[in-house]
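Given next are the chains, with one letter for each unit.
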Amino acid sequence: MDLSRLLPTTHVMTNFSADSRRNIFTALAKPLVEDALITDPHQFIHDLEERESQITTQLDKGIAIPHARSHAVRRLALSVGISNGAGLVFNESLPEPCRVFFLIAIPAFAPTAHLPLLQHLASLAKSDKHLNKLLAAKTPAQAARAIIGFKA
Amino acid sequence: MRQDMISLMELQECELILHESAILHDRKAANPEREALETRCRQIRAGISLETLRRYDKLRTVGLGIVREVNGFCNACRLNITIGDLNRMRTGKMTTECPNCGLFLLLSDSNKPA
Chain R
71 MDLSRLLPTT
81 HVMTNFSADS
91 RRNIFTALAK
101 PLVEDALITD
111 PHQFIHDLEE
121 RESQITTQLD
131 KGIAIPHARS
141 HAVRRLALSV
151 GISNGAGLVF
161 NESLPEPCRV
171 FFLIAIPAFA
181 PTAHLPLLQH
191 LASLAKSDKH
201 LNKLLAAKTP
211 AQAARAIIGF
221 KA
Chain S
30 MRQDMISLME
40 LQECELILHE
50 SAILHDRKAA
60 NPEREALETR
70 CRQIRAGISL
80 ETLRRYDKLR
90 TVGLGIVREV
100 NGFCNACRLN
110 ITIGDLNRMR
120 TGKMTTECPN
130 CGLFLLLSDS
140 NKPA
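Chains as they are written, first to last, in our numbering: chain R, 71 to 222; chain S, 30 to 143.
Treat the hints loosely; a few may be bogus.
Claimed, not checked - DSSO-like mimics (lysine-lysine), calculated; alpha carbons at most 27 Å apart, straight line:
#1 S:K57 with R:K199
#2 R:K196 with R:K208
#3 R:K196 with S:K87
#4 R:K131 with R:K199
#5 S:K87 with R:K131
#6 R:K131 with R:K221
#7 R:K131 with R:K203
#8 R:K100 with R:K131
#9 R:K208 with R:K100
The hints are simulated quantities; they were obtained by calculation from the structure and are not laboratory data.
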């Protein structure tokens, strides 16, 4: 899957940090709001929380792929946050903190548009080699290259 | 009819979340959240007429089963639905399916039948 158009460097954050799940969502959504891909950040974050309450989007190996269908989303969009150090607590019922976050914004009018992307990111999460490359990225450009370079 | 469409929309949302969960998580591992959603799906199905469910399941084998009608347009095929058809759907004289793509429609409640 070619992510080059979906993931500009401005949507990737290294040294990512936030003190709560809500703030993680807010920080991840910020570049999408700045690019006018999300029209109402409060509604979108509410939709993310609601989706998260159904089934967690946290995977093994400290990766989370929060996503939500929302009327506040104009088109399919992706942003990435990579945390340094021990990682951030994403789901309090799971002991493992998260170091990599992929936020997917899904427009309500295309509720299945993200499924190939979700599959692609889940495959990336299972590849230790590519995950280590991503975690070793020092700049957003390096991280974006590591993600875009992954072929499932 | 509208209640059936609301239930179908909720059912589809639950099924999509279960599909996402199947991509993200190991299906063999026990997951109480997934089991709760599966139970919810069964409960919703129990409240929908068999004929509607059969048609919905057939549609779901190739994609979505139900979409919203917004401003007179089907949200799946994006084609216009005539006011006459919308009125007939709202008054129950016509099934709430898009005349173009055949998907079930959840009609917006902003417009009353003219």
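Starting from K196 (chain R), check that the Cα of K208 (chain R) is at most 27 Å away, please. Distance of about 21 Å is within 27 Å: holds.
Tell me if the straight-line CA distance from K208 (chain R) to K100 (chain R) falls inside 27 Å. holds, 20 Å
Measure nothing beyond the straight line between the CA atoms of K196 (chain R) and K87 (chain S); if it is 27 Å or shorter, mark the hint as holding. Since the Cα atoms of K196 (chain R) and K87 (chain S) sit roughly 33 Å apart, the hinted pair is violated (cutoff 27 Å).
Decide if the proposed pair is consistent with the structure: K131 (chain R) and K203 (chain R), CA atoms, cutoff 27 Å inclusive. holds, 14 Å
Under the criterion that the straight-line Cα-Cα distance not exceed 27 Å, is the pair K131 (chain R), K199 (chain R) satisfied? Between K131 (chain R) and K199 (chain R) the Cα gap is close to 13 Å, so the pair holds against 27 Å.
Could you grab the alpha-carbon distance between K131 (chain R) and K221 (chain R) and see if it respects the 27 Å cut-off? holds, 19 Å
Would you mind confirming whether the straight-line C-alpha gap from K57 (chain S) to K199 (chain R) stays at or under 27 Å? Within the cut-off at roughly 25 Å; holds.
Hey, K100 (chain R) versus K131 (chain R), does the alpha-carbon distance stay inside 27 Å? OK: K100 (chain R) and K131 (chain R) at ~25 Å, within 27 Å.
Next pair to validate is K87 (chain S) with K131 (chain R); report whether the Cα-Cα distance is within 27 Å. Since the Cα atoms of K87 (chain S) and K131 (chain R) sit roughly 38 Å apart, the hinted pair is violated (cutoff 27 Å).
Of the hints listed earlier, those the structure fails to meet are numbers 3 and 5, in rising order.
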